[in-house]
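Engineer: As they're listed, the protein sequences go chains A and B.
Position 44 of the first sequence, counting from 1, maps to 44 under the numbering used here, and the rest follow consecutively.
Position 772 of the second sequence, counting from 1, maps to 772 under the numbering used here, and the rest follow consecutively.
Just so you know, the hints here were simulated from the structure itself, not pulled from any lab data.
Check each hint, because a few of them may be wrong.
Some chain B residues judged to face chain A by a derived CB distance under 7 Å, without partners named [as the list claims (entries may be wrong)]: (1) Gln451; (2) Arg462; (3) Glu733; (4) Leu736; (5) Thr739; (6) Leu740; (7) Gly741; (8) Ala742; (9) Arg743; (10) Gln744; (11) Ser819; (12) Pro820; (13) Met821.
Result set (SDA-like, lysine to any residue): computed pairs, CA atoms no more than 20 Å apart in a straight line [stated by the list, open to error]: (14) B:Lys620 / B:Glu651; (15) A:Lys133 / B:Arg454; (16) B:Lys620 / B:Gly546; (17) A:Lys133 / B:Val458; (18) B:Lys228 / B:Glu72; (19) B:Lys228 / B:Ser217.
Note that the structure is a prediction, hence the values are computed from the model and not measured.
Using N, Cα and C, we set each Cβ at its ideal position, and we do this for glycine too.
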Amino acid sequence: MTDKTATPEQMDGPVLKVTDLTQQVNLEADTLTILQGVSLEINRGESVAIVGRSGSGKTTLLGLLAGLDTPSHGEVELEGRVISRLSEDERAALRARRIGFVFQSFQLLPALTALENVMLPLELAGSERADGKARELLERVGLGDRLRHTPRQLSGGEQQRVAIARAFASEPAILFADEPTGNLDNRTGRSISDLLMDLNHEQGTTLVMVTHDEQLAGRCQRRFSIEAGIVTEPGAEAHTEVVN
Amino acid sequence: MGAAGKLMSVQRDWRERDVRVVLVALVIAVATVATIALFASQLQRTLVTSASSFLAADRQLEAENGRPVPGEWLEEARARGLETGQMIEFSTMVFGNDRFQLVSAKAVSNEYPLRGQIEFQQQPAAPRVMRDEGPGPGEVWLNPRLLRLLDVSVGDSLEIGNRSLTITGLLVREPDGGFRLSALAPRLMMHADDVDSTGVLQEGSRVEHVYLFAGDSAALDGYYDWLKPRLEPSHEWEGVRDGETFSQSLQRAEQFLLLGGSLAVLLSAVAVAVASRQYAISQRDTVALLKTLGSPGGAIAGMYLRRLGLWGMAGILGGLALALPLYWVLANLLSEALARPVDIRVDPGALVPALLTALVSLFAFAYPPIRRLRSVPAMRVLRSQPGESGREALPDLLIAVSAMFGLVWLYARALPMVLAVFGGLLLLLGVLALIGWVLVSVLRRIRGGGQSWRLALVGLYRHRRASLSQLAVFSLTLMLAATLVLVRTSLLDDWQAQLPEDAPNHFLINIPTQTVDEIEAFWSERGYPMENFYPMVRGRLTELNGEAVKEAVSKDQRVSALNRELNMTWMESLPEDNRIIEGEWFSPGDTQGVSVEAELADKLGLKPGDRLTFTVGSDKVTETVTSIRTVQWDSMKPNFYMAFPPGGGLEGMPATWITSFYLPDNAKSILNEFSRQYPTVSVLEIDHIIARIQEIVGQVTQAIEAILVLVLAAALVVMAAVVSTTLRDRQREGALLRTLGARQALLVRSTMLEFALLGLIAGLVGTMAAEGAVWALQYGMFEGAFRWHWQVAVPIPLISAAVLAFLGRWQLLPVLRVSPMLMLRRLE
Ligand SMILES: Nc1ncnc2c1ncn2[C@@H]1O[C@H](COP(=O)(O)OP(=O)(O)OP(=O)(O)O)[C@@H](O)[C@H]1O
Ligand SMILES: [Mg+2]
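Produce the complete structure using the sequences and hints provided.
Structural biologist: Here is the structure:
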């Protein structure tokens, strides 16, 4: 397997390796199993789509892959490090340097303007020119004239684009996106897909996204399907051919 | 109401955090204000009772003209439900065991004393007991000194005029004795019915009829209104308030309670206001939703009014459920400290301010923003900025401030105080506006410092909208708390300064000039050196600028000092606690002039340059007024109306000397030895009065501390409530920052720093405004001089910074405990 963006200090092998992942939550009466025995590998620079019905566990899986949560059983290995064995601070450091996340519900801070929302990760990283970078990014998602507006004043699609700009801000090695085009019309959706794919190609960013958008899923190199907590990869052989 | 009705239910309301905060604020508001008001009314009754015992009644009517008052005056008092009593004070010669002695007699009716108790001894060696009535007809009680002077014992008989009375005990202390130096002569107490049969009271003898009244204050006031037009200039109506020595201390304590209560009202109003306003604003989306579901504006407004009313009731019930037991505990504590406890009573009038505070602040703050939404299209509400714009909030602020002003006014009814507090408030708002500007314009440009520091500053700037309103409430809260702390401190300091532990508690009077040195040696040998001996000459003021004083001073000016002999002295230097307010004190070597006490000078209209003529025995002295000076009558030191320079007008006049000193309880036996050695020197023991005052001051201090604690606790709750209004936002932000890769330590440090900064600013602004308010208060009420109080101005900002940092840390707890994903899901 080749990895076109591997730099000397980065190890070879899958960027994400999931073994026997199970996620359960304890409800009042019984235990709800959301994910069961998920195993998969994702290589550096790949673009991956996760599809499945509402409530099938896509967001849960994405959160676990990104290290935003720890699993009940099993392991997630991100760039060779087992996430559940890291301390919360180590996980945070990993997120800050390597990971971007676009939430399904955007998770913009209502009190902050669009610009301030995008500046947040840059400030956390101690970036000197947070302001300039954030402006550029918002410009790129087509919101250059809405910098001072708060999320309430933006439409759903506009909020989504702010969330994407924020995820790009830290120049992540892996970008997780939970239905990044879910609220967008075809044209805007297309331009956002282009944006994501460009990033994947130009910077070699690994892309993992949940989507219902067949077109976007089709542009991804691999596709996982999730049903009742069980993950399968329907076109696995075909995929191997594609990579080769 | 359809949709609206279904959307709202009490259980559902309770699940809403903002509603819970409103209810908690209401409960605290009602509890604090009600407890303080109830306790204040209890304390006031206690103080009046304690103080009444100094008059042996609630009020006294003194007739200094030597004639009894018309009988109908007393009948009227009894008809109004007042208790009455009578006493007759006069000087007379008595004869017992072959000796004559001039005594000051006090004849009392059966009812005496209406308040307080008489300390009594059966025999000189018997234990002291408290009695509720004086001697019966045919009996007489003597003070121990008179017993020694006459060399008689209990059981002997004593001749007064035509009567012979039996000595049945020793009068140790009268409740109403004390400060008057005229009461220094050997003392005797007898029954009022025996006075006529002695025949000692002739036309023109110096006698004072004193009438005692007790009852509830409304009846007393009503009676005085009736009596006032009938009084002659020689009649003096005395109440506790305008009475003697420590009435000032009492007034200050009452003022303090009033202030504490007012501040509690304000604080509670703020708590309810913040909570209910936050609730109102959080309801914007719901209101918009209801509109899209088709509810008419009127129905929505009506529904919210009903809910606010419901919560008001719930809050009031909860608050009272807290306040009543709390009051009961406090009142019991107070009663335990008292010799004669007052009934614990729930005064319904004291509950009114609490209820009004809760309801007014609830509606005045919550309703306007909701009402305004009635006419705004739903979509515009949903798309508007979170929070409110200044233009919208300004009329609300005006309504709110007037509501608060009204509440405090209603509670205190003291304009200077209300103005001082609101002046401080204004100052505070001004400074806050300035800080807001600084926050917006300067904070962004600050560079450098560690990452937490930078994030904290960015945070402050980012949250400027929320931060500023929180800052306003914090600093208001701290201002109120600091005001109370400051006033308490200066009050206690003043009391402490006025009555130190070793305040003089014994006077030696009538010391012959030739024994002054001997007596000083007597006490020095025993370890109690005397501070100062003052000569004392007693005389009357007879002429003013050559005119007889009776004509010079108009009749309706009741100057009782003119009817008595004045205490006059000569001294070289001005006593420490006296102050010259007009003219100049004598220069060394001066032998001319006289310095007059300020109140008397005021009553007589004296100015420097007036010529006064005094009659001392058969001599006359005329001197020019050279200065007017204030005297601390409650300093427990010898004080004089008239002071001459050494070698001046009083030169050669018959003088005795007077001194005061501190004698601890365990050394009192020396007094017996002293009295045996110097039987003509009067010893005035005021240690019990001082102890009593110290006890009262102690009780009041405790009460003040309790109220301070209550108000501070309320302040803390307000701050916690305010922090919790933005809890969700803060937690979401924390969780999000974590997903973006913020380390826990960074999150904790920057949040704590941000809150600490907020607390520090609020503390500084608050104490500054408090100093302003206290400065104004002190001129209006407490008459103290302005001081900058570092002991408050330094710790309060620090404490508030610490408390807020802690609150900031506390709200992060759940964010740090669960995974960011779960936190975000929960906050969705
Ligand atoms: N902490 C939790 N407590 C209870 N149930 C949970 C929790 N987390 C997830 N679930 C449940 O697990 C299931 C999967 O949730 P998840 O959000 O992963 O679905 P999804 O595939 O992203 O759905 P959608 O396409 O609608 O976003 C849902 O039924 C959800 O209610
Ligand atoms: Mg989902």
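Engineer: Run through the hints listed earlier and report the numbers of any the structure violates, in increasing order.
Structural biologist: No hint contradicted; all consistent.
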